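Visitor: Could you build the full structure based on these sequences and the hints that come with them?
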Amino acid sequence: MISATHGVVTDDRKPKQRKQRFATDADIEIKGAYDPSDAPADPQNPPGQFPYTRGVQSTMYRGQLWTMRQYAGFGTAAESNRRYKYLLAQGGKGLSVAFDLPTQMGRDSDHDMARGEVGRVGVAIDSIEDMRILFDGIPLADVSTSMTINATAATLLALYIAVGEEQGTPASALRGTIQNDILKEYIARGTYIYPPAGSMRLITDTFTYCASNVPQWNTVSISGYHIREAGSDAVQEVAFTLANGMAYVQAALDAGLDVDDFAPRLSFFFNVHNNFIEEIAKFRAARGLWATIMRDRFGAKNPKSQMLRFHSQTAGVTLQAQQPLVNIVRVTIQALASVLGGTQSLHTNSYDEALGLPTEEAARIALRTQQVIGHESGVADFIDPFAGSYAVEALTADITKRVEAYFAKIDEIGGMVRAIEQGFPQREIERRAYEHQRAVERNERIVVGVNEYVMAEEAPIPIGTVDPNLEVEQVRRVQALRAKRNNAETTRALTALDDAAAGTGNLVAPIVGAVRASATVGEIADVLRKRFGEYRPAT
Numbered sequence: 003m004i005s006a007t008h009g010v011v012t013d014d015r016k017p018k019q020r021k022q023r024f025a026t027d028a029d030i031e032i033k034g035a036y037d038p039s040d041a042p043a044d045p046q047n048p049p050g051q052f053p054y055t056r057g058v059q060s061t062m063y064r065g066q067l068w069t070m071r072q073y074a075g076f077g078t079a080a081e082s083n084r085r086y087k088y089l090l091a092q093g094g095k096g097l098s099v100a101f102d103l104p105t106q107m108g109r110d111s112d113h114d115m116a117r118g119e120v121g122r123v124g125v126a127i128d129s130i131e132d133m134r135i136l137f138d139g140i141p142l143a144d145v146s147t148s149m150t151i152n153a154t155a156a157t158l159l160a161l162y163i164a165v166g167e168e169q170g171t172p173a174s175a176l177r178g179t180i181q182n183d184i185l186k187e188y189i190a191r192g193t194y195i196y197p198p199a200g201s202m203r204l205i206t207d208t209f210t211y212c213a214s215n216v217p218q219w220n221t222v223s224i225s226g227y228h229i230r231e232a233g234s235d236a237v238q239e240v241a242f243t244l245a246n247g248m249a250y251v252q253a254a255l256d257a258g259l260d261v262d263d264f265a266p267r268l269s270f271f272f273n274v275h276n277n278f279i280e281e282i283a284k285f286r287a288a289r290g291l292w293a294t295i296m297r298d299r300f301g302a303k304n305p306k307s308q309m310l311r312f313h314s315q316t317a318g319v320t321l322q323a324q325q326p327l328v329n330i331v332r333v334t335i336q337a338l339a340s341v342l343g344g345t346q347s348l349h350t351n352s353y354d355e356a357l358g359l360p361t362e363e364a365a366r367i368a369l370r371t372q373q374v375i376g377h378e379s380g381v382a383d384f385i386d387p388f389a390g391s392y393a394v395e396a397l398t399a400d401i402t403k404r405v406e407a408y409f410a411k412i413d414e415i416g417g418m419v420r421a422i423e424q425g426f427p428q429r430e431i432e433r434r435a436y437e438h439q440r441a442v443e444r445n446e447r448i449v450v451g452v453n454e455y456v457m458a459e460e461a462p463i464p465i466g467t468v469d470p471n472l473e474v475e476q477v478r479r480v481q482a483l484r485a486k487r488n489n490a491e492t493t494r495a496l497t498a499l500d501d502a503a504a505g506t507g508n509l510v511a512p513i514v515g516a517v518r519a520s521a522t523v524g525e526i527a528d529v530l531r532k533r534f535g536e537y538r539p540a541t
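Using our numbering, you'd call the opening residue of the sequence shown number 3 and step up by one each time.
Keep in mind that the hints were calculated from the coordinates and are not lab data.
Heads up, some of the hints might be wrong.
[Said to hold, decoys possible] In the SDA-like style, the derived pairs of lysine to any residue whose C-alpha atoms are separated by at most 25 angstroms in a straight line are:
#1 Lys403 - Ala389
#2 Lys87 - His377
#3 Lys95 - Arg84
#4 Lys33 - Arg366
#5 Lys403 - Asp144
#6 Lys403 - Arg299
#7 Lys87 - Glu363
#8 Lys95 - Arg332
#9 Lys87 - Ser146
#10 Lys306 - Gln218
#11 Lys532 - Ala503
#12 Lys411 - Leu255
#13 Lys403 - Asp413
#14 Lys532 - Thr506
#15 Lys87 - Ile367
#16 Lys95 - Asp144
#17 Lys33 - Ala441
#18 Lys403 - Gln424
#19 Lys403 - Ile32
#20 Lys306 - Ala399
None of these values were measured; they are calculated from a predicted model.
Guide: Pasting the structure below:
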C-alpha cells in the first residue's frame, strides 16, 4: 500500500520482480556485462574527424554549448511573440516556431477547413502582416530561428526573408532552419499537400535558392522525430530518417546541383526517449552512417557535407497525463542522453504537455533543465565521455548493422519514395507501435504512474489553453488584409508564381515576390495545388 508518514509518501509494496529477458526499446538484447570482445575493433577517430561517430566538432561543448531552443507557438502572432520574448529573457538562445494546422496545410484562417483549428497547435500565420507581428522587437540578425513547417516551408521561409529585409537584415545574414521534410509527412504525420513530385521540386528549388541567397540557412531538417512519435523504435527512426535524407540528396543531384553546394546545409532532427544508453548509441550510429553514405554513395568531398548535425527534442509521446510532474524526470533523462549523444541544439518538453499547452512555469522549468545540465552537471566539459564504453560501442555497432539491413530492403524496393508509396515504412512503424502498446497493456513494460505506481487521486495542475476568441480575431485580420492590399499587384505576383510552376523555373523567388505583395499562405498554396494536384494516399 501507499502511505504517508510525517509528510513523506512511501510505497510499502514488494518491488516488482525484474523481467527475465533484458533488451532495449528496439529489442536489442542486453548482456549482463560487456567486455572488450563485444566492442568493435574501430580505430575510434577523434571527435571532429570522419566518420564523426565521436562528434562533429573537435572540442564539442567546450567551445560552445548546444543551442537551447524552446519550441513554442500558439494562438495569434501577438500571443506567440510574447512567449518568445519571455523565453529569450529566461536565457533561451534560439527560437523554434510551431505553426497551427491551417498554416501547415496551406489554408488561410478564414477557410472552412480551418474552423476550430486556428491557433490550436501552433501560431496562425496567414500573411506578411502576421510574420511582422510574430518577430516584432526580435532582431532576426541576432537570433537563430527554427520553423517546424513542411508542405508550406518555402512560403514561410519567404515570409521570414521579407520580414528580415524590412528589419534591415539581408537574407545572406539570416540563420535558422526550415524542417521542409515532406517524405516523413507521407510516412508518419500527414500534413502534406502535393504529390511527391511537386513536393520534391519545392524542396530542391529551396536548396538551390538558399545556396545563392540565404547561405547560412539550413534548408531541410530531415526529421526522425515524428517517425518516432508515430511508434517506431530507435533503429527504425535512424533507418527511415537517413533513407529520406538519401532521397533528398538524390533528388537534388538529379536537378543538377553539385553535392557539396547544398549538403553542408542539410541538418537532422531526432527524437530522444528514455532508454538512456540506446539513445546515446543511436546518435553515434547515425553520425557514422551518414558520413559513410555521403562519402561513398554520393561522393561528397567537403567534410561539412559528411557531418550529420542534428537538433533533438525530448519525446512528446513519453509524456504522461498521470502524475505529470514525473515528466520532469523523463525530460531530464532524455535531455542528458541527447547531450551525451552530441546534439547541436535541443528542445526540452514541458511537464504539462500531455494535458494542454505549456504554461510559462512549465516552459521555464523545461529550459532550466537544459541550463542545469549545461552549467552544473559537468558533462559538457567532456568531449566524448562514452567513447570506449564496451556497452555503448557494442550497441552503436549493433544499431548500425540493423539500420544497414533496412537500407538494403529499401534499395531492393527501389528507393525511399517507392517504399513510401508501397507503405513499407508505414507498416514497419505500425507493427512496432502495436508491439509497444501490447507490452504496456500486459505490464511487460512499466510506465510509472500508468500501469504501475498509480495514484488514486492527484492534485490538479494549471493547464494552458487558447482563447477561442483569438480565432475570430485572426479571421478578421486576414480578411482586412485582402481588403486593403493592392490586389492588382498581388494578382500579378501570383500569376508569376503560376507561370514558374507551369515551367521549370525556380519557385522560391516568385514565392518571395508573392509574400512581399501581401499574398496569403493559402493563396500561394492554391496556385501550386492547381498545378501539382493534391496527394491522396493509396491506402
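Visitor: Could you check the structure against the hints above and give me the numbers of any it violates, in ascending order?
Guide: 4 and 5
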